[in-house]
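Trainee: What follows is the residue order along each chain.
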Amino acid sequence: MTILANILVIFFISVGLIFIAVTAIGLFRLPDLYTRAHAASKSSTLGVMCILLGVFLHFWLNEGHFNPGILLGILFLFITGPVGAHIMSRSSYLAGVKPWKGTVRDDLKEEFERMKKEQGIK
Amino acid sequence: MKVNNVILQFTTKIVFFIIFFFAVHIFFAGHYTPGGGFVGGLVTASAIVLLLVAFDLKTVRSLLPINYIYMVAIGLLIALGTAAIAMFLDEPFFTHFFDYFYLPLFGKTSLHTAALFDFGVYLVVVGVTMTIIQTIGEDE
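Quick note, the sequences are listed as chains A and B, same order. Residue numbering for the first sequence follows the numbering used here, starting at 4 and increasing by one per position. Residue numbering for the second sequence follows the numbering used here, starting at 16 and increasing by one per position.
For the record, the hints were derived by calculation from the structure and aren't laboratory data. Keep in mind that this is a model prediction, so the values were computed, not measured. Where hints are given, some of them may not hold.
Just a few of them, taken from the derived set where beta-carbon distance is under 8 angstroms, the chain A residues facing chain B [stated by the list, open to error]: (1) I73; (2) L75; (3) F79; (4) L97.
PhoX-like cross-link-like pairs, simulated, lysine-lysine; straight-line CA separation at most 25 angstroms [as the list claims (entries may be wrong)]: (5) A:K101 to A:K120; (6) B:K28 to B:K17; (7) A:K119 to A:K101; (8) A:K119 to A:K104; (9) A:K45 to A:K119; (10) A:K112 to B:K17; (11) B:K28 to A:K119; (12) B:K73 to B:K17; (13) A:K45 to B:K28; (14) A:K45 to A:K104; (15) B:K73 to A:K101; (16) A:K101 to A:K45; (17) A:K112 to A:K101; (18) B:K73 to B:K123; (19) A:K120 to B:K17.
Taking CB as the label site, the calculated pair distances span [to be verified]: (20) A:D35 to B:H127: 27 to 35 angstroms; (21) B:R76 to A:I124: 50 to 58 angstroms; (22) A:F14 to B:Y117: 40 to 48 angstroms; (23) A:R32 to B:N19: 50 to 58 angstroms; (24) A:H89 to B:P107: 25 to 33 angstroms; (25) B:K28 to A:D35: 50 to 58 angstroms.
Even glycine gets a Cβ: it sits at the ideal position worked out from N, Cα and C.
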């Protein structure tokens with residue numbers, strides 16, 4: 004039982020660490036803000052959730068202490084992480100940050116122009 | 016520029032309750048675990064600030080029609096009152112009392128007057144933080 008619990012804990016924490024390392028590499032290597040936001044929001048959220056799950060399982064199975072606060076933290080990160088990335092990338096689009104030059108499709112542009120015309124800006 | 020904030024507003028409606036109930040948990044857990052009135056008050060204030068970010072000042076004021084300056088005053092009065100209870104019972108100022116009660120649903124519970132003092136601190140912290148933020152936010 005302890006071995007099984009330890010295997011689970013080590014699995015979740017190392018998967019989380021790998022995802023966070025991938026996030027850091029993505030932040031260095033990707034060319035523009037939107038691709039970086041994509042890397043930073045998805046993989047770091049999953050990584051931190053995996054680490055929290057590992058910590059939760061360690062305290063539950065090895066120490067016998069059921070801590071619902073960690074589960075609440077997982078839920079909270081799962082809700083707020085992607086929304087934060089969405090707000091940041093949209094506000095930078097509205098502020099005029101251009102996507103990478105290899106981008107072939109920009110669906111938001113028409114909507115953005117329409118919105119500007121409707122509200123009479125420029 | 017006016018934009019449509021559906022995602023932020025809908026998330027706020029859910030996340031506000033998570034943060035608020037976590038603040039209540041921190042407040043009541045303060046006697047035996049880390050937490051207490053100060054942290055609970057700050058977390059509650061941050062939940063209200065999240066509402067302020069997602070909606071605007073006027074909407075939040077109609078949602079929570081609280082005058083935060085009165086909230087500070089009431090908190091200070093509660094803190095002073097709990098400290099003064101002991102004076103009327105021939106004990107030194109700030110002596111706290113506790114006893115065990117059998118409440119329905121909770122079972123044996125220890126109730127302590129320090130929790131009332133903490134509630135005063137909680138009200139003061141929420142009131143001061145919200146007063147500062149609303150005053151800065153109102154300036155045009």
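Trainee: Quick check on a hinted range of 50 to 58 angstroms for K28 (chain B) and D35 (chain A), using CB atoms only.
Mentor: 32 angstroms, violated
Trainee: Should the hint that R32 (chain A) and N19 (chain B) are 50 to 58 angstroms apart at their CB atoms be regarded as holding?
Mentor: 33 angstroms, violated
Trainee: K73 (chain B) and K17 (chain B) were given as a pair; does the straight-line alpha-carbon distance stay at or below 25 angstroms?
Mentor: 16 angstroms, holds
Trainee: Take the C-alpha atoms of K45 (chain A) and K104 (chain A), compute the straight-line distance between them, and say whether it is at most 25 angstroms.
Mentor: 23 angstroms, holds
Trainee: Given the hint that K73 (chain B) pairs with K123 (chain B), does the C-alpha gap stay at or below 25 angstroms?
Mentor: Answer violated: K73 (chain B) to K123 (chain B) is near 44 angstroms, above 25 angstroms.
Trainee: Taking the beta carbons of D35 (chain A) and H127 (chain B), is their distance inside 27 to 35 angstroms?
Mentor: 57 angstroms, violated
Trainee: Given the hint that K45 (chain A) pairs with K28 (chain B), test it: the Cα-Cα distance must not exceed 25 angstroms.
Mentor: It holds: about 22 angstroms lies between the C-alpha atoms, which stays within 25 angstroms.
Trainee: Is K119 (chain A) close enough to K101 (chain A), meaning Cα to Cα at most 25 angstroms?
Mentor: Within the cut-off at roughly 17 angstroms; holds.
Trainee: Are the Cα atoms of K28 (chain B) and K119 (chain A) separated by 25 angstroms or less?
Mentor: 28 angstroms, violated
Trainee: Does the alpha-carbon distance linking K119 (chain A) and K104 (chain A) stay inside the 25 angstroms limit?
Mentor: 23 angstroms, holds
Trainee: Holds or violated: the hint that I73 (chain A) contacts chain B, with Cβ atoms closer than 8 angstroms.
Mentor: 12 angstroms, violated
Trainee: Does the alpha-carbon distance linking K73 (chain B) and K101 (chain A) stay inside the 25 angstroms limit?
Mentor: Distance of about 34 angstroms is beyond 25 angstroms: violated.
Comparing the model with each numbered hint stated earlier shows that hints 1, 9, 11, 15, 18, 20, 21, 23, 24, 25 do not hold.
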